[in-house]
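Asks: With the hints as extra help, turn the sequences into a complete structure.
Protein chains in written order, with my numbering: chain A, 1 to 145; chain B, 1 to 504; chain C, 1 to 85; chain D, 1 to 565.
Read the hints as simulated data drawn from the structure, not as lab findings.
Every residue gets a Cβ at the ideal spot worked out from N, C-alpha and C, and that includes glycine.
Partial chain A-side listing against chain B, Cβ under 8 Å, derived:
| # | residue |
| --- | --- |
| 1 | A66 |
| 2 | L72 |
| 3 | A80 |
| 4 | N92 |
| 5 | Y93 |
To be clear about the criterion: a stretch of chain D counts as covered by chain C if any three or more of its residues have a C-beta under 8 Å from a C-beta of chain C, and this derived list gives those stretches:
| # | segment |
| --- | --- |
| 6 | 363 to 377 |
| 7 | 457 to 469 |
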Amino acid sequence: MVNDLIPRVLGKLLIPFILLFALYVQFHGDFGPGGGFQAGVLFAAGIVLHALIFGLANTRRVIPDALVEAMLACGVLIYAGVGLAGILLGGNYLDYFVLDPNPVHGQHRGIFWVEVGVAVTVCGVMLQIFYLFAARGHDGADGTD
Amino acid sequence: MSLAQHLPALQVVLPLISAPLAVLLRHGGVAFLLVTAGAWAAFAAAVALWLQVDLLPAGGVLTYHIGNWAPPWGIEYRVDRLTSFVLVLVSGTAALVLTYGHASIEREIARASHYLYYAMFALCLAGLLGITITGDAFNVFVFLEISSLATYVLIALGRDRRALTASYRYLILGTIGATFFVIGVGFLYLLTGTLNIADMGARLRDVENPRAVLAALAFLTVGISLKLALFPLHQWLPNAYTHAPSTVTAFLAATATKVSVYVLIRFYFGVFGESLVFQRLPLPEIMLGLSLLALFAANLIAVFQDNLKRMFAYSSVGQIGYITLGLSFDSVHGLTASIVHLFNHGVAKAAIFLLIGGLVLGIGRPGAPPPVPTFKHLAGLARRMPLTCLGIVLAGLSLIGVPGTGGFISKWYLVLAAMEQRQYWLVGAILLSSLLAVAYVWRFVEAAYFRPVPGDGGVVREAPLVMLIPAWILVAASIWFGLDTSLTVGSALDAAQSLLRSGT
Amino acid sequence: MKRGHRLEDPRSIRKLWRGFLVLLALSVLAGALIDPKPHFAIEGWFGFHALYGFVACLVMIVGAKVLGWCLKKPDTYYARDGHDD
Amino acid sequence: MTSLHGLVPHPALLLIAGALLLPLLRGRARSVAILALPALALAALWLLPDGVLWRVHWLGYPLTPLAVDRLSRLFASIFLLLAGIGGLFALRQESRLEIPAAYLYAGAAVGVTLAADLISVFLFWECMAIGSTLVLWSAGTPAAWTASRRYVGVHLAGGMLLFAGVAGQILGTGDTGFHVMRLDSPASWLILAGFLVNAGAPPLSAWLPDAYPEASWSGMVFLSAFTTKTAVYVLLRGFPGTELLIWIGLFMIFYGIVYALLENDMRRILAYSIVNQVGFMVTGIGIGSEMALNGAAAHAFTHILYKALLLMSAGAVLAATGRRKCSELGGLFHSMPVTTLCGIIGALAISAFPLTSGFVSKSLVSQAAADAQLQGVWLLLAAASAGVFLHAGIKFPWFVFFQKDSGLRPADPPASLRWAMLLLAFLCIALGIWPDPLYALLPYPVAYVPYTAAHVVTQLQLLLFSGLAFFVMLDHLRRTPTITLDFDWLWRVAGPALAGVARARVRAARARLARGLTGLGRRAGAWILRNRAPDGLLLRSWSSGSMSLWVMLVLMAYLALYYLG
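Replies: Listed below in C-alpha cells is the structure:
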C-alpha cells in the first residue's frame with residue numbers, strides 16, 4: 001500500500017492522533033472510561049496501521065522485535081515492581097497507600113503505574129501476535145515456534 | 001515490617017519477576033541463572049513458611065492481605081499446613097529440576113528458545129505456587145491460566161513435532177477444564193456474593209438453592225478432574241508427558257496434577273463442606289469407581305507401552321487413582337494417604353523422569369536430535385549407565401510401594417482407611433493394582449539388566465553429574481520419606497485432621 | 001577302570017545284600033529284647049516298625065507311580081512351547 | 001533410636017550393611033570380610049541380653065526391631081552360622097552378586113527373628129524376598145531368570161497377604177506386637193496365609209521346587225536355609241497349637257515324598273524334600289505342646305545344617321559335572337570320595353538315623369504326637385520317616401554317587417568347598433551324638449532322652465526295612481528324564497491357556513454380538529482384540545474431539561447423579 005497516496009497521507013495524519021488518543025485513554029483512566037488495557041490496544045492499533053500502510057519491514061525497523069519482547073517483559077516488571085515498592089515502603093504487596101505520605105495520592109500513584117505496566121504489556125502482546133501472524137509465509141524462519 | 005511477614009507474597013512474586021527479566025535479557029545462560037535463583041528463592045520461602053506454620057497452634061493459618069485490603073473484598077493469601085506442604089513440594093521440585101535441566105535443555109531445545117523456556121518455566125512455577133497459596137477463588141483461576149498457558153508453551157518446545165499436537169490437545173482440554181472451573185466459581189459467586197474461599201464456605205451453608213450449588217459442584221469437579229487427569233479425563237496427559245522436553249515432564253509430573261488435587265481438596269472441604277460432598281451425594285462412590293478404573297486400566301495400559309516416557313505417564317494416571325481413592329474415603333486416614341501420596345509420588349515420578357532425561361542424553365548421538373527412549377534402547381543399558389538405571393529402579397520401587405520407600409507409606413494409609421470402613425475387597429484391589437506396577441517396573445529391569453547389549457549399541461555414556469545429582473537427591477528423598485515419615489505423615493495427618501474438623 | 005571298583009563287583013554286591021539281610025533280621029530280633037513302653041497298642045506288636053516301614057514305603061512308591069502316570073511329562077514340557085516366558 | 005546396648009550393633013543390620021559394602025571389596029579383603037561378617041554378627045547376637053532392646057517410633061507406631069528371647073536367639077544363631085558356612089562354600093562363586101545378595105537375605109531373615117512387632121517383621125520379610133530373588137538371579141541363566149519371575153510373583157502375593165493381615169491386625173487390636181494370635185479375625189487368617197506361602201504350604205508350595213533348583217551351585221544352599229525356616233519361626237511364635245497346621249504339615253510331608261520319588265533332577269529331589277521336612281516342623285507347631293514346639297525348633301535347626309550339607313554335595317557335583325539329572329549321573333563315588341561321604345552323612349541325618357542330628361530332633365516331634373495321644377498323626381509321621389529315608393536318604397546318594405556308572409570322573413571340589421562340607425558333616429554327627437548343647441538352646445526345658453534302646457531299635461527297624469523296600473522296588477524307581485506336573489502348572493500353563501481360551505471366547509462372542517445390533521459388544525470385543533496390538537486402543541492417542549466428548553459425558557453424568565441424589 002506504500003504507493004497508494006491517499007492511505008499514505010491519511011495514515012501519516014492519523015497515526016500520531018491515534019497514539020495520542022491512546023495516551024489520553026491511558027492517563028484519563030482514573031477519571032473517565034479507559035485504562036491500561038484499552039490504551040495498550042489503541043497504541044498497538046496505531047502501529048498496526050503503520051505496518052499496513054508502510055509495510056511490515058518498515059514497522060519492524062521502527063519497533064524492532066526485541067523491543068516488542070522487551071515491552072512484554074517490562075510491563076510485567078513495572079506491575080510487579082509497584083507491588084514490591086509497597087513492601088519496600090513498609091506496606092503489604094501491592095499496597096498503594098504507602099506510596100505517598102498522603103494515602104489518596106498514594107492510591108493514584110499506584111494505580112497509575114500499574115496501568116502503565118498493563119498498557120505496555122498489552123501493547124507488546126498485541127504487536128507480538130501481529131508480527132507473528134504477519135510474518136508467516138514471508139520469513140517463516142523468524143518465527144519462534 | 002520484616003521480610004518474614006511478606007513471605008506469602010514473595011513466594012509467588014520472586015519466580016514471577018524472574019520470568020520477564022529472563023525475556024528482557026534474551027540470553028539463555030543468564031535466564032538460567034535468574035530463573036534458577038528465583039526457584040531456589042521460592043523454595044527457601046516455602047521452607048520458611050513451613051517453619052512459620054509449624055510455630056502456629058494446630059490448625060493455624062497465616063494470612064496475607066494483598067494491597068492491605070481486608071479479606072472478603074481483597075485478595076487474601078492463606079498458608080496452612082497443607083498449603084505449605086504443597087508449596088515445598090512444588091518449589092523444591094522446580095529448584096531441583098531447573099538446576100538439573102541445563103545440560104538436558106542444551107540438547108532438547110533449540111538454543112534460540114532457551115530464554116523462552118526459562119521464562120515459561122518461571123511463569124508456570126509462579127502460577128502453580130499462586131494456585132496453591134491464594135485464598136481467592138477467582139485468583140485461583142487466574143493463576144491456573146497463567147500456569148496452564150506457560151505449560152502449553154513448555155510442552156510445545158519439545159523437539160519432536162508431535163509435541164505441537166500434544167500441546168494443542170492439552171490446550172483444548174485444559175481450556176475446557178479451566179472454563180468449567182470458572183463456570184463453577186461463577187455459580188458460587190452468584191450464590192454467595194464473595195470470591196474468598198473461606199468466606200464462600202461460610203456463606204454457602206445458608207444458601208437455599210441446592211440445585212445451583214450442585215451444578216457448581218459438578219462443574220468444579222469435572223473441571224479440576226480434567227486438570228488432575230482423573231480417569232477417563234486423562235487422555236491429554238500421556239501425549240503431553242511423552243513429547244515434552246524431559247525436564248518439563250519431570251516438573252509437570254511432580255507438580256501440575258498434584259496442585260490440581262490440592263485445589264479439589266480445598267473446594268471439597270473448604271467450600272462445599274464434607275457433609276454435602278461426601279454424605280448427601282454419591283460422589284465418593286463415583287470417585288471410588290473412577291479411581292479403581294484408573295488403578296487397573298491405566299496401570300494395565302502402562303504395562304504395554306513401548307515408550308518409556310509414555311509408560312511412566314500412564315503410570316502417573318494410575319497413581320493419581322490412589323490419590324483420589326484416598327479422597328473418596330472421607331476419613332482422616334484416607335485423606336492422609338492422599339496427601340502423603342501426592343508428595344511421595346511427586347518425588348518418585350520427578351526422579352524417574354529426570355533420570356529418563358539423562359538416559360535420553362546418554363543414548364543419543366552428539367548433535368542429533370534426542371532419540372525416543374523406547375525399550376529397544378534399553379537392552380543392557382544398566383551396564384553402561386549404572387547410576388541412571390539403578391535410580392529408576394529405586395524410584396520405581398516407590399511406585400510399587402515396596403516397604404522402605406515413600407510409596408509404601410501412602411499405601412499403608414490407604415489400606416488402613418479401607419480396613420477402617422471394612423471394605424476388605426478394596427484392600428485386595430489396592431494390593432493387586434500394585435502388582436501391575438511391579439509388572440512395568442519389572443519390564444524395565446528385565447530390559448536394562450538382563451538383555452544383552454545389542455551389537456550396534458553405539459557409544460553410550462553415563463549422564464553428566466550435574467544431572468545425576470539432583471535426580472539422585474530425589475531418589476534418596478523417595479527412600480528417605482519411606483523411613484522417616486515425620487515430615488510427610490506428620491504434616492498430612494495434621495492437615496487431614498484440620499480439614500475434616502473444619503468441614504463439619 | 002574296566003574291571004570296575006570293588007563295590008561294583010557282582011560278588012561283593014551279593015555279599016552286601018547278605019549282610020544287609022542279616023542286619024534286618026538282627027534289628028527285628030533285637031525288638032524282642034527291648035521294653036518298648038508303647039504309647040499305642042499297635043506299637044507293642046512284634047516287628048511292627050519293620051513291617052510298617054516296609055509296607056508304608058511300598059504304598060508310597062505305588063502311590064507315586066499312580067500319580068506319575070497322570071502327571072508325568074517329558075522334562076522339556078515347559079520349555080517346549082514357550083510357556084516358560 | 002535408643003539402645004540400651006549402644007555398643008552392640010543390631011546383628012541383622014550389621015549383616016545387611018556388610019552385604020551392601022561387600023561389592024566394594026576385592027581379593028583377599030573380600031574373602032576375609034565374607035567369613036568375618038557372619039562371625040561378627042553372631043558375636044553381636046550372643047553379646048545381647050534377653051529382652052526388648054530397641055524401641056523406635058515409625059508411622060506413629062511403637063516398633064521393637066530388636067528383642068531377644070530364647071526362640072529368636074536359636075533361629076538367629078543358626079541363620080548366621082549357615083550364612084558363614086554358606087559364604088565359605090560360595091567363596092569361589094564367579095557371580096559377584098551372589099554373596100552380597102545372600103547376606104542381605106540372611107540378614108533380613110535374622111531381622112525377622114529379632115523383631116518383636118508385626119511391622120518390623122513385615123519389613124524384614126519383604127527385604128528377604130528381595131534378597132532371595134537376587135540370589136536366584138545371580139545364577140545368570142535364562143532358566144533362573146524366568147524362574148525368578150514366578151518366584152517373585154508368588155512372594156509378592158504372599159507379602160500382600162501378610163501386608164493386609166498386618167494392617168488389619170494393627171487396626172483391629174491397636175497393638176503392633178507380634179504375639180501368639182488366634183484365628184478369630186480375617187486379619188489373622190491373612191497373616192497365617194502369608195506365613196504359609198513362605199513355608200511352602202499347599203497349594204502354593206510349587207514355587208519352591210520350581211525356583212530353588214535354578215539357583216547356582218552355591219545359591220541353593222542359601223535359599224534352602226532361610227525362607228522356609230523363617231516361616232517356621234513366625235508360625236512358632238504366632239500360631240503354636242493351631243490344629244489346622246497339623247493337617248497342612250502332614251500334607252506337605254507326603255507331598256514332598258511323593259513328588260521327590262518321581263523326580264529326576266537331584267536338586268529338585270532335595271527341594272521337594274525341603275517341603276517334606278518343613279512339613280514335620282509345621283506339624284509339630286500344630287500339635288503345640290512344649291515338646292512339639294521344641295521339636296519343631298530343633299528340627300529347623302538341624303534341618304538347616306543337613307539340608308545345606310546335602311545341597312553342598314549336590315552343588316559340588318553340579319559345579320564339577322554341570323549335570324543335574326539322576327539319569328545322567330551315577331558312579332561318582334569313584335572320584336569324589338569326600339563329596340560322597342558328606343552326601344551320605346547328610347542323607348543319613350535327614351533320615352533321622354541314630355547318631356545323626358536328624359534323629360535327635362525329629363524324635364521330639366513324633367514323641368510329642370505320641371504324648372498327645374494322636375495315634376493317626378503319629379502313624380503318619382512314622383510312615384513319613386520311612387518315606388524320607390526312601391526319597392532322600394537312599395535315593396539321592398544312590399542315584400548320584402552309585403547306581404550305574406555314568407563314566408564321569410570329576411575330582412572332588414576345591415578346598416573351600418570341601419571344608420564347608422566337612423564342617424557341616426561334623427556338626428551333623430556331633431549334634432547327633434551329643435545333643436545336649438542343642439537341647440539347651442531350645443525355647444522350653446527338655447526332659448527327653450533320644451537314645452533309649454527301644455527308640456533306637458524301632459527307628460532302625462523302620463529305616464532298614466524302608467531301605468529294603470527301596471532296593472526291592474528299585475526297578476520301579478528307575479529314573480526317566482521326566483518332570484511331574486505340580487500346582488505351578490496352574491500359573492505356567494493353565495493361566496495363559498485360560499487367558500487364550502477366554503480371548504477366543506470373547507472373540508466368538510463378539511462375532512455373535514456384532515451380528516446382532518449391540519454396538520457395545522463390538523467395542524468390548526475390539527478392545528480385547530486390540531489390547532496388545534502396537535497401534536491398538538492401549539497405545540494410540542485420542543483425538544481432542546473424543547476427549548471432549550468424554551468430558552461432556554462425565555459432566556452430564558455428574559449433573560444427572562447430583563440431580564437425583
